[in-house]
Structure formats: structure tokens, C-alpha cells
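Peer 1: Please take these sequences and the hints and turn them into a complete structure.
As numbered in mature numbering (1 follows the signal peptide of the UniProt record, and there is no 0), residues -24 to -1, 1 to 514 make up the sequence shown, in order.
It is possible that some hints are incorrect.
To be verified - Derived lysine to any residue pairs resembling SDA-like cross-links, with alpha carbons at most 20 Å apart: (1) K470 with H459; (2) K377 with P421; (3) K266 with E235; (4) K199 with W95; (5) K22 with F69; (6) K202 with V99; (7) K146 with E116; (8) K211 with L75; (9) K67 with Y329; (10) K109 with Y178; (11) K131 with E171; (12) K144 with T113; (13) K21 with K330; (14) K266 with N300; (15) K22 with K503; (16) K282 with E244; (17) K141 with E130; (18) K224 with Q77; (19) K67 with E340; (20) K9 with V485; (21) K431 with S417; (22) K52 with L488; (23) K202 with P104; (24) K330 with E71; (25) K295 with E235; (26) K213 with L75; (27) K377 with D396; (28) K442 with R424; (29) K429 with I441; (30) K285 with R297; (31) K440 with L450; (32) K341 with Q487; (33) K28 with G513; (34) K476 with P345; (35) K470 with I342; (36) K9 with L488; (37) K362 with A473; (38) K213 with Q96; (39) K262 with Y229.
Calculated directly from the structure, the hints in this document are not laboratory data.
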Amino acid sequence: MKKRGLFWYLLLLAWLFWAPSAEAFFGKNYLVKINGKEYTAEDFKKWWSYWKEPGMTVPATPDPFIDWILISDEAKTMGLDQEPSYQKKLKTFLEVRALMQLRYDEIDQKIDLSRKTLWQEYVRNYTPRLRVKALITSQEKEAKEWVKEAQDAEKFLKLFQKLEKTGKAKDFGWERPYTIPKELRDSLLNAKEGEILGPLAYKGRFYVIYVEKRLGPDPEDFKALKEIVAHRYKKRKARELTQIFIKKLRQKYPVQVNEALLDQITLEDLPQDLADKPVLVIGDKKLTAKEFQTLLKKEAKLRIGKNKKVSQEELAFLKKRLINDIIAQTLTSWEALNRHYEQNVLKDIYEFYKRQRLVREFEEKIIWPQIKVTDEEVRKYYETHKKDFTRPARVEMAVIKTQDEQLARQIYQRLKRGEDFFEVAKEIQFHGARPERHELSNLVPEMREIVQKMKPGEVSSVIKIKDWYCIVKLIRFYPEEVHPFEMVKESIRKTLAQEKFEKMRAKLVAQLRAKSDIKINQKAWQKLRRELEAENGS
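Peer 2: What follows is the structure, given as C-alpha cells:
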């Protein structure tokens, strides 16, 4: 009995692993097979996530994916992946994406935006809230006299009302720590509710300040400010983390700044013996004094102004800022590329972009050069599609409308007697009747039938449209107008070129398909399609 059981067990194993039906039992592990290479449902999902556009539905077949693979493979076979234009775009894409990933790794993900952290930030920099009124003068003696006069809240407010008329008193409303000038901040934050401070000096003026109210941390206030708190906190922390990170990179990579040469660079012409000397060396990269000065001039024009004179202090600041920016940009770019994100976190999108760029290279270098549109073709298209280039007939008109038929008849009689259409309209409608332009074809049939028979200046009889009674004054009629050939010829040329491009592309894809071995796992495709449609909600 045991032998028979073993026999059947071995027979089942043999059937599962060797019989043709075994593949059906376990299911094929590919979605499509193109020239011997298998692509899985997961490959299609990745492609679809990057390739689809908003509102796009899941394709009925995997053909778009197959065509994409065929074209990109053909482009690679033709060596288009070695083209400088391809390599340059690939490098730019990787640099940008890698920098974004580096920022996320070193900056963004290290910023804690939890409620606990934001509450602490709120308490520290957004409270207390102070309701502040102030007396302001440029004379210290006058400010001291005010202090003697305003010894309590009642006396302060009385003096405040008096000085407000002269522009020497101001109600600052509610202030928070970050809105109070640094020179006044400590004094105000340490003040008690009802306390009068001063005189306090700030920017050539003297302030006598009354802290009318003082409020501490409040959950409702925090809730209202949470987004602002988070935004400002994130910016500050990002700045701090960036400075720390750049400092680490400057220790990791060799950076040499010729400070003596940097000091000699101005906006004036450089001495010839200095122009070609390196002011900055990072690894094997060198920036000459002349190159730096070119960048400095652009920076000065942007920051200071085209025709404004730059002071020595401003120039020193600009040079320091510019040299640090160049160092930071260079080091972060190097670090981003040296981490080889394209081998891990960016692998999927990088592989997609490599193929997508090959498709574009194929289209730009193989298909488009074959597309020619002659002047005769453009002219012929124009002559046979004039309706497409015709502006429809339009009317400029004004309408009086009411739901009262008897009133409409009375208005019509008044207009027949020669009364002004627009003056009468003011009596009937709140805004009167305003001239408006409409395409004749957009008017309701009842109105269009009458208006198209009218002449400019004429007033129609009463027109019944559902529950409304309307009277129309035709101001101007604009007949159909065909756009001149010169106006539309380039648009036509682009349309014809695109049509030819699509046909040529389809022809080349058909040729690629004809010489390729393509197999589709229909069962896997139908399953995947249902899954994607469910995700799309279609």
C-alpha cells in the first residue's frame, strides 16, 4: 500500500514539473515575452505608474508597453544611447533626481514635525501674545515727560487718545515674540499685563509702551497657527541642517579658496596676470578669477541693481555669498552622484527614463527627419478644410426679458413709438440691458430664427422662450469670416507633420513587431488589467 502511495506521489510530481500542463497549473511568471526576454506584471505596473497621464484609462491590451519596449530596444541597437544628446539628458535627469533624494535623506526626513515639536516651537516663539499700544516720538525728553504723565493704565489711555490725533500714538494690536523687533523683544516679553515700559529706544525713536493684555499658550490658538508654525520651523531647521551638511562635505572633499585673490576681485577689469588664476579649486575642478568675476557681475546686477553703485561692504558680502553657493552646489552635486541612487531608491524611475529617452531619441533622429510637408499640401488642406478656419457668425445684441407677458407687450408698444431701448430697459431690469456678443449658432432656436432676419438697429417683436418673454435689439451683425491663409498656414503645417509622424511611427512599429517574437500571457494580462482598473476606480 505504501509503495502504491509513493508511486502515485512520484507520478504527480513528474506531471507537475514536466507535463505541458504544469505551466498552466502553476501559471506563467511573465506578462509578455519579447524576443526571449520576459517582462512581468510588476514591470508593467512600474512602466504604467510613470507613463500614464491624469485621466488616462488602463489600455485594453499591453500593446503600448510592448511598442515602447520595441522602440527603445531598436534605438539601443542603433547606438542612439551613445549619442551626446542622450547622454547629456540622462546626466541632467540623474543629477536633478539625485539632488532631490539627497535633500530628502539629509534634510527633509530629519525634520521632526510632530505635534509635540510644533507645540514647543509655538510656546517658544509664538507666545506670549501681547496687546500693545505705544506713544512714539523722536525726542527723548518728550518721551520721559510722557512716562511721568502716564503712570497708570487710565492715564496712559487718556494720553494715548490725545496723541493719536497728532500721529504720535499707535495701537499695534496683538504682537508675538517673532513680530517684535529684537531690540525691544526682551523688555516686552518680560513685562506683566498692565505694565507701562519706557522710554525704549529703537531706530532713532523713543517708545512708551503699554502692555494692555498678555495671553499664554492656548490649544485653539495653536490649532489656528499650526501650518504657519510648521512652515517657519521647517524652513529654519532646513537652513540649519543644510549648513551642518555642507560643513561635513567641505571636510570630505578637497576645497581650496584663494582668499588673497578673492580679495582682489572687483567689478572693474581684472589685471591680465590675475584673470586666469584659479580662485577656487574643488578636486579637479577649477574656477578662474575671470570666470568668478563674470558670475559676480550677474549676482550684483540681480541683487543690487543694474546701474547702482556697489559699496565695499556689499561687494564683500556678494563675493562671500557667491563663493559659498558655488562650493555648496558643487559638493552636493558630487555627493548626490557618488551615492549612486540610480542603483537603489531611484532605480525604477531611472530605468524608465533611460528607455523613455531612447524612444524620444528614436523619434527625433529617425522618424522626424523623414517628415516633410510641402507648401502645396498646406494650401490643399486649407482649401479643403476652410470650415475649420472660419469664425462663425456672431451678433452683438441687448435683451429685455420678463416673465410677465402683458408687461412685455406694453414694452414692445413703447419701443414701437420710438422710446429708447436702453432707457426702457432700466425701468424693467435692475442692471438695464447690456450689449453682449454671442455666436449666432449658440442662441436658442426661437431667438436665432428671428435675430438672423434682423438688421442692425432693429428691435424684435416679443419672443417667447419657455416662461420668459424677450425683446431683442440687434446692435451689430458679424458674418462668418474665413481666417487668411497666412494666419493659419504654420498651424496647418504642424497638424500635417504630426499626422505624418503618427503614420510613420505606426509603420515602423509594425515593422519591428513583424521581425520580433512576441508572446502575451492573456490570463496574467486580464488579471492585471482588472487590478489596475480597480485601483483607478474605472
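Peer 1: Now look at each hint and say whether the structure bears it out.
Peer 2: The hints, checked one at a time:
1. K470 with H459: The given pair, whose Cα atoms are some 17 Å apart, holds under the 20 Å limit.
2. K377 with P421: This hinted pair holds, its Cα atoms lying about 16 Å apart.
3. K266 with E235: holds, 15 Å
4. K199 with W95: The hint holds at about 10 Å.
5. K22 with F69: holds, 18 Å
6. K202 with V99: Status holds; Cα separation ~12 Å.
7. K146 with E116: Judged against 20 Å, a Cα distance of about 17 Å means the pair holds.
8. K211 with L75: Holds. K211 to L75 sits at ~18 Å (cutoff 20 Å).
9. K67 with Y329: holds, 11 Å
10. K109 with Y178: Roughly 15 Å separates the two Cα atoms, so the pair holds.
11. K131 with E171: Given that 20 Å is the threshold and the Cα spacing comes to 12 Å, the pair holds.
12. K144 with T113: Cα-Cα ~6 Å, so holds.
13. K21 with K330: The hint holds at about 17 Å.
14. K266 with N300: holds, 17 Å
15. K22 with K503: holds, 16 Å
16. K282 with E244: holds, 14 Å
17. K141 with E130: holds, 18 Å
18. K224 with Q77: holds, 18 Å
19. K67 with E340: holds, 19 Å
20. K9 with V485: It holds: about 17 Å lies between the C-alpha atoms, which stays within 20 Å.
21. K431 with S417: holds, 17 Å
22. K52 with L488: OK: K52 and L488 at ~13 Å, within 20 Å.
23. K202 with P104: holds, 16 Å
24. K330 with E71: It holds: about 14 Å lies between the C-alpha atoms, which stays within 20 Å.
25. K295 with E235: holds, 11 Å
26. K213 with L75: Holds, at roughly 18 Å.
27. K377 with D396: holds, 16 Å
28. K442 with R424: OK: K442 and R424 at ~15 Å, within 20 Å.
29. K429 with I441: holds, 18 Å
30. K285 with R297: holds, 18 Å
31. K440 with L450: Within the cut-off at roughly 17 Å; holds.
32. K341 with Q487: holds, 18 Å
33. K28 with G513: holds, 15 Å
34. K476 with P345: holds, 11 Å
35. K470 with I342: Distance of about 18 Å is within 20 Å: holds.
36. K9 with L488: holds, 14 Å
37. K362 with A473: Distance of about 19 Å is within 20 Å: holds.
38. K213 with Q96: holds, 14 Å
39. K262 with Y229: holds, 14 Å
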